[in-house]
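Colleague: So you can see what is in the structure, the chains are spelled out below.
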Amino acid sequence: MAFFRVEKLVKQFGGLTAVNEVTFEVEKGEIFGLIGPNGSGKTTTFNMISGTYPPTSGKVFFKGREIQGRKANRICHLGIGRTFQVVRPLGRMTVLDNVIAAAFSRENTMRGARAHAEKTIAFCGLEPVSGVLAKSLPIAGRKRLEIARAMATRPELLLLDETAAGLNPTESLEAVELIRKIRENGTTIVIIEHIMRVIMSISDRIHAINFGQTIAEGTPSEVAANPQVIEAYLGTDYA
Amino acid sequence: MKKNAVPLVLLAVLAVFPLVVTSDYFLHLMILFLLWVVIGSSWNVLAGYTGQVSFGHAAFFGVGAYTAGLLFQHLQISPWWGMALGGFVAALIGLPFGAICFPLRGAYFALASLALGEGIRHIATISESFTGGMMGIMIMPSFVSKTPYYYIALGLAALSVLSIQLVIRTKPGYYFVSIREDQDAAESLGIDTTLYKNASLALSSFWTGMAGAFYMNYMGFVDPHVVFSLHDYSVMAILVAIVGGVGTIYGPAVGAFIMVAVQEFFRSGFFGAFDYLGRVTGSSSFASLSEVVRQAHVLGFGILVVVVILFLPNGIVGDWEKIRRNVFRIQPTR
Amino acid sequence: MDVFLQTVVAGFLKGGLYALIGIGMTLIMGVMGIINLAHGQLMMLAMYITFLLNTMGVDPYLSLFVAMPALFLLGVVIQKFLLNPLIKVETILPENQVLMTVGIGMVITEVARFLFKSDYKYIKTDYANATFFLGKISFSVALTIAFAFALVFTAAMFWFLLKTDLGRSIRATAQDKDAATLMGVHTGRITVITFGLGAALVAAAGSLLAPVYYIFPDLGGPFTAKAFIITILGGLGSTVGAILGGVTLGLAESLGATYLGMEYEDIVGLAIFIAVLLFLPGGFKRLTKV
Chain F
0 MAFFRVEKLV
10 KQFGGLTAVN
20 EVTFEVEKGE
30 IFGLIGPNGS
40 GKTTTFNMIS
50 GTYPPTSGKV
60 FFKGREIQGR
70 KANRICHLGI
80 GRTFQVVRPL
90 GRMTVLDNVI
100 AAAFSRENTM
110 RGARAHAEKT
120 IAFCGLEPVS
130 GVLAKSLPIA
140 GRKRLEIARA
150 MATRPELLLL
160 DETAAGLNPT
170 ESLEAVELIR
180 KIRENGTTIV
190 IIEHIMRVIM
200 SISDRIHAIN
210 FGQTIAEGTP
220 SEVAANPQVI
230 EAYLGTDYA
Chain H
0 MKKNAVPLVL
10 LAVLAVFPLV
20 VTSDYFLHLM
30 ILFLLWVVIG
40 SSWNVLAGYT
50 GQVSFGHAAF
60 FGVGAYTAGL
70 LFQHLQISPW
80 WGMALGGFVA
90 ALIGLPFGAI
100 CFPLRGAYFA
110 LASLALGEGI
120 RHIATISESF
130 TGGMMGIMIM
140 PSFVSKTPYY
150 YIALGLAALS
160 VLSIQLVIRT
170 KPGYYFVSIR
180 EDQDAAESLG
190 IDTTLYKNAS
200 LALSSFWTGM
210 AGAFYMNYMG
220 FVDPHVVFSL
230 HDYSVMAILV
240 AIVGGVGTIY
250 GPAVGAFIMV
260 AVQEFFRSGF
270 FGAFDYLGRV
280 TGSSSFASLS
290 EVVRQAHVLG
300 FGILVVVVIL
310 FLPNGIVGDW
320 EKIRRNVFRI
330 QPTR
Chain W
0 MDVFLQTVVA
10 GFLKGGLYAL
20 IGIGMTLIMG
30 VMGIINLAHG
40 QLMMLAMYIT
50 FLLNTMGVDP
60 YLSLFVAMPA
70 LFLLGVVIQK
80 FLLNPLIKVE
90 TILPENQVLM
100 TVGIGMVITE
110 VARFLFKSDY
120 KYIKTDYANA
130 TFFLGKISFS
140 VALTIAFAFA
150 LVFTAAMFWF
160 LLKTDLGRSI
170 RATAQDKDAA
180 TLMGVHTGRI
190 TVITFGLGAA
200 LVAAAGSLLA
210 PVYYIFPDLG
220 GPFTAKAFII
230 TILGGLGSTV
240 GAILGGVTLG
250 LAESLGATYL
260 GMEYEDIVGL
270 AIFIAVLLFL
280 PGGFKRLTKV
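Protein chains in written order, with numbering that gives the first Met the number 0: chain F, 0 to 238; chain H, 0 to 333; chain W, 0 to 289.
Restricting the straight-line Cα-Cα distance to at most 30 Å, the calculated cross-link-like pairs of lysine-lysine (DSSO-like) are:
| # | chain 1 | residue 1 | chain 2 | residue 2 |
| --- | --- | --- | --- | --- |
| 1 | F | 180 | F | 62 |
| 2 | F | 62 | F | 27 |
| 3 | F | 134 | W | 87 |
| 4 | H | 321 | F | 134 |
| 5 | W | 123 | W | 135 |
| 6 | F | 134 | F | 118 |
| 7 | W | 162 | W | 79 |
| 8 | F | 118 | H | 170 |
| 9 | F | 7 | F | 70 |
| 10 | F | 27 | F | 58 |
| 11 | F | 118 | F | 70 |
| 12 | W | 176 | F | 134 |
| 13 | F | 180 | F | 134 |
| 14 | H | 321 | W | 87 |
| 15 | W | 79 | W | 176 |
| 16 | W | 79 | H | 321 |
| 17 | H | 170 | F | 134 |
| 18 | H | 170 | F | 70 |
| 19 | F | 27 | F | 7 |
| 20 | F | 70 | F | 58 |
| 21 | W | 176 | W | 87 |
| 22 | F | 27 | F | 70 |
Calculated from the structure, these hints are not laboratory results.
Here the structure is a predicted model, which is why all the values come from computation and not from measurement.
So here's chain F without its partners, still in its complex pose (with noise of 0.2 Å):
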């Protein structure tokens, strides 16, 4: 049994099917990409593991266990964190309350909430803002709390939606290594990433979605020479 396992994924809007039958597997330990245009429905199908809303119809499978349909905050006591791709601070609080705020999931007094925000702050490189208020970071501050407040509910799996949109190289590149970091620290990761140059270099495997339908699978070399996928970006771009 796959350590996670997403089975024939549906998610309807209305009349609009925005994720349609979608199927992969991810091992334990992997970093597994997840491509595609925009609206192809990459962020639908995160909301529907993470609990924002239940699919249409398919299931999840995480450890062996269906966890479809299931409330965010149930979703997140199982193991399974979330960035989001419109980050969403906790703007009036500072970097480490938010972070204390995640930390309670897994700590039950102050002293300990605290101490493990403290440890996930520096780990992921927050230190020198761990006093500011969350809503006056830049964009590159905030992704990065959305990272140590999902890493800071201990998740064994942790979805990234789109951690270097909107970043510089430099910054971009302190994200690539962040992940990596949590790779080893034994998190596994699916990350959806449209910035090229970023998911090709550090995924193990790659699943390329368009139209809500998979289109190729493979390593990211794989992926990148298949003719669909290049034709969904219509010339696929090496930022």
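Starting from the structure of chain F, add chains H and W where the hints point.
Modeller: Just chains H and W now, with coordinates in the frame of chain F:
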């Protein structure tokens, strides 16, 4: 512990207040102030910290008051038992309200809470056999002197603020604020937002209900028009918290003091200044002016709402920097 | 059966008036996202204006044309100086606008009380209480005239919103303020005009209602309540919904008064409100998609 130094000193001052000031008039005002510390602080838990703005807290206040009164009227149980139960009954009312209305976001929730307050008021007015309808409930106050009431009110105020502080500075507090800032993000962090919103509501309605039960015992008379009043209780609670500083622990206490003072200022015609001037100058126009000011106290209130929202939307505690800069002309040091 | 038909007719006619109140409020809500809890108080002002003019011998249906522009101006002033500034303010609680309108409502009520005292005022006209008959059903002349005016104004609103540039700008702002700004719509001015329009519409309702209702400073509250029940019932921002909502409330109140008793009239509105929240959040708009 330095953080707690100022409030402790103030608490000590409040504790000895009746020994120094024995005038009934001032004791009454202080009791009102303490009552509003309770109501404002508890409203603040739900609205300031958890972001669910209630326009109907009068519902909980009135329910607490009626619990005390009805226990006496129908079962001849001392209304002090109502003090014990008033909070719980109010919290009980909160449960179905939360279940129905928490899925509503933002202003819809505010409106629904407004409807709650007005709805319960209507029900209390119509069910004459149960509540006495417009006639209200009258009971004999237990104490003649105001001092025991003062200390009970002080106890309520201290306990409520303390319990709120304990909750806010630990896990529930973090969860409340997370819900306020971004409910969906909060869910993704493992927070059961429904559970915590209801917990916040329970804490909030409990203390407001207790305040209501105290009110019944202190004033000896309630009717639907008085205790379920939108302007006198629901809106006043919002003002107290906003003027003092929403989302701070002691803001509502500051706001309570100011609002009670302002309210008395208007009600008494600028603290009897006009009456005094009238006596001194022998001119009767001052007396009529005083009368006008007294009548206009609701108008003054409305103007106050407008002014506070325009210029001090984060309250005295919240906008302290702004006040220092503009009123005291103190520039912030870098 | 006659009683039933009579009740329905009365409720329907009243509903036309309610529709006017509702359209004004839903316009304000839809465009600015402001819940105007002073809506009923604005109507009360219009009724007093009508009353004043009536003491000077002016027919209430003519004073419509004074009350409407007057309240339009007041609405513009309120939006420009008291509500627009709030949009930019950063506060913890976003409901400042609602609270501001509560304050405004209080001020309006007390000013009215100061000027006119709290006693009930009446407008006397010859035809105000007259009725005419269609078969065995009596129609109140005043309410029928009010209904006719309401129809005309509603039609005019529709034409205005659909056919004129200004109307289209308003609808654009209601759908997406930022996009509208980018397309050259002066949204600051639009919000101001919209509030004025909403106020003018509710002023019309006030002038039309004045001949058959009693006027006192505190009537603002109950009518504000009716206004937002209608708005919630119809769906925020939906003019068609407001019309349906207004008629529904009028009918429900009428039926409630006849079959349950006069004191239940307000409870009916509240029951509708709760029912909508529970069973049809989003109001009629969800059903009609308009």
